[in-house]
Amino acid sequence: MEQPSLSISPLQNNCSRLRVEELRFLSNGPYTFTLEEGECVGLSGKSGIGKTQLLRAVTDIIPHSGQLFLDGTPAATFSAPLWRCRVTMVPAESFWWYDTVGDHFAAGFESQSIKKTISAVGFEEDVFKWRISRLSTGEKQRLALVRSLCNTPSVLLLDEPCSSLDAYHTTLIENFIQHYVQQKNASVLWVSHDSQQLKRVAVRELCLEKGGLVERREKHF
Amino acid sequence: MDVIALSVWDLGIAASLVCILSLLSLLLSLGLEWKILLFSCRMTAQLLFIGMVLRFLFGSGSLPLVLLLATVMLLAAGREVLARQNLRLKGFTGYAIGTGAMFVSSFSISLLALLVIIGVDPWYTPQYAIPLLGMLLGNTMTGISLALDRLTDQFQKERGIVEQRLLLGQTWQEASSDIRKNCMRTGMIPVINSMAAAGLVSLPGMMTGQILGGTPPVEAVKYQILIIFLIAAGTGFGVISAIWMSGYYLFDKRHRLCLERLSGTGIREK
Numbered sequence: 001m002e003q004p005s006l007s008i009s010p011l012q013n014n015c016s017r018l019r020v021e022e023l024r025f026l027s028n029g030p031y032t033f034t035l036e037e038g039e040c041v042g043l044s045g046k047s048g049i050g051k052t053q054l055l056r057a058v059t060d061i062i063p064h065s066g067q068l069f070l071d072g073t074p075a076a077t078f079s080a081p082l083w084r085c086r087v088t089m090v091p092a093e094s095f096w097w098y099d100t101v102g103d104h105f106a107a108g109f110e111s112q113s114i115k116k117t118i119s120a121v122g123f124e125e126d127v128f129k130w131r132i133s134r135l136s137t138g139e140k141q142r143l144a145l146v147r148s149l150c151n152t153p154s155v156l157l158l159d160e161p162c163s164s165l166d167a168y169h170t171t172l173i174e175n176f177i178q179h180y181v182q183q184k185n186a187s188v189l190w191v192s193h194d195s196q197q198l199k200r201v202a203v204r205e206l207c208l209e210k211g212g213l214v215e216r217r218e219k220h221f
Numbered sequence: 001m002d003v004i005a006l007s008v009w010d011l012g013i014a015a016s017l018v019c020i021l022s023l024l025s026l027l028l029s030l031g032l033e034w035k036i037l038l039f040s041c042r043m044t045a046q047l048l049f050i051g052m053v054l055r056f057l058f059g060s061g062s063l064p065l066v067l068l069l070a071t072v073m074l075l076a077a078g079r080e081v082l083a084r085q086n087l088r089l090k091g092f093t094g095y096a097i098g099t100g101a102m103f104v105s106s107f108s109i110s111l112l113a114l115l116v117i118i119g120v121d122p123w124y125t126p127q128y129a130i131p132l133l134g135m136l137l138g139n140t141m142t143g144i145s146l147a148l149d150r151l152t153d154q155f156q157k158e159r160g161i162v163e164q165r166l167l168l169g170q171t172w173q174e175a176s177s178d179i180r181k182n183c184m185r186t187g188m189i190p191v192i193n194s195m196a197a198a199g200l201v202s203l204p205g206m207m208t209g210q211i212l213g214g215t216p217p218v219e220a221v222k223y224q225i226l227i228i229f230l231i232a233a234g235t236g237f238g239v240i241s242a243i244w245m246s247g248y249y250l251f252d253k254r255h256r257l258c259l260e261r262l263s264g265t266g267i268r269e270k
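As they're listed, the protein sequences go chains A and B. For the first sequence, our numbering gives the first residue as 1, with consecutive numbering after it. For the second sequence, our numbering gives the first residue as 1, with consecutive numbering after it.
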């Protein structure tokens, strides 16, 4: 897997991290927006308007029309699995299919970096031995986030990442994501119903409507 | 050695047993009485018809007629595979996957048996070709329909898991590997189990028939062993290729799970 590079090559100059042009799916769109490097953008909108479907279209798991570019490179030049490794969606509900937590992480989850990561979201190291059936919804949600970061994506599409978390763990996750963004210079599209949360984490907010996006820029960050 | 010919009365006695069963069903209000009678009549008519077809075919022994009957059998089996699925693979492709898998396994194995193993001359002698193909088709049909029924059911139920794995950057092959393996096992296990029971619990039908027809038991057993090997291999190959093809059908080029290519409400039509 290619690591996201921190240096900007001349070719990539003036290129947004993620550029979405005229994206249409189902009967929604067209949507056009960009995410810059290291930028966290909030996405809000009425329930059922298609926020989740927008994320699914951007990560290319549902059919859509329009153009997607990562660092200026069109999505079509990536294989679909590679695209999803670079532009990774973390759904609100996570799914698990093996018996233990560790089975879901690629080999090498014993490494130091992942141990540090796992403690940053509030777990002990022995969590990898836990059985899935023992996990609470909130624990699953936090672990699913860590699992999605294993490919070190350059763009994260988060669908209500704190929906099952208490206030303490919400803060933990918010800080954890911001740390990841700074460290990897990644971009985030953050779907939330909580406008207070979006004010805390995002530089600007996109409001999703059936036929387009309305941008709201926040002064503070 | 000649078989004792059955008279109409002999069959009538056996049929009266079914009539008694139907009466019992009425008394116990099982609601099966008409089904029992109707399907008994249907079975009798179908078998009498095929008996006459075979008599004609054996008399003429022409290649085009053998191929025609073989095609009809294959298409009927393909329809049956589709009818046994709760959720179907949509459209012509759905039909073609089941039928194609049976064609590949049953036809090629029958050909191999006729040409190489039994070595009958000419290879399409209907006395050998039609029963052999019939037994292979019947068994691969059961295996393939079991496997495909489970496959569509699992993709519907475990959609969340499959999509989660795709979202993590797995290819469709990786994301569906557990389901596909599972379904291949489901399709093959009955035929493997039947090998364990053969001779101990059940006397396979073909062997019984040959013995009734006067073939020495050991000769009949040798044929039965041959047939079971062919059936096991045919079912296995058929199941594997059907699952493999439906994988390509249910995912698109961008590794997306396309459940809209399944139709059906989850209610069995028959």
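None of these hints come from the bench; they were simulated from the model. These numbers were taken from a predicted model, which means no experiment stands behind them. Using N, Cα and C, we set each Cβ at its ideal position, and we do this for glycine too. Where hints are given, some of them may not hold.
[Stated by the list, open to error] In the DSS-like style, the derived pairs of lysine-lysine whose C-alpha atoms are separated by at most 27 angstroms in a straight line are:
#, chain 1, residue 1, chain 2, residue 2
1, B, K157, B, K181
2, B, K90, A, K140
3, A, K140, A, K116
4, A, K210, A, K140
5, A, K199, A, K210
6, B, K253, A, K129
[Claimed, not checked] A few chain A residues facing chain B, derived, Cβ under 10 angstroms:
#, residue
7, S16
8, L23
9, S27
10, F33
11, T59
12, A80
13, P81
14, V90
15, G102
16, H104
17, R147
18, C150
[As the list claims (entries may be wrong)] DEER-style ranges, computed between Cβ atoms:
#, chain 1, residue 1, chain 2, residue 2, range
19, A, H193, B, Q156, 23 to 33 angstroms
20, B, T208, A, T100, 48 to 58 angstroms
21, A, R131, B, N193, 53 to 63 angstroms
22, B, A83, A, R131, 35 to 45 angstroms
Worksheet item: Of the hints given before, which are not true for this structure?
Response: 2, 4, 6, 7, 8, 9, 10, 15 and 21
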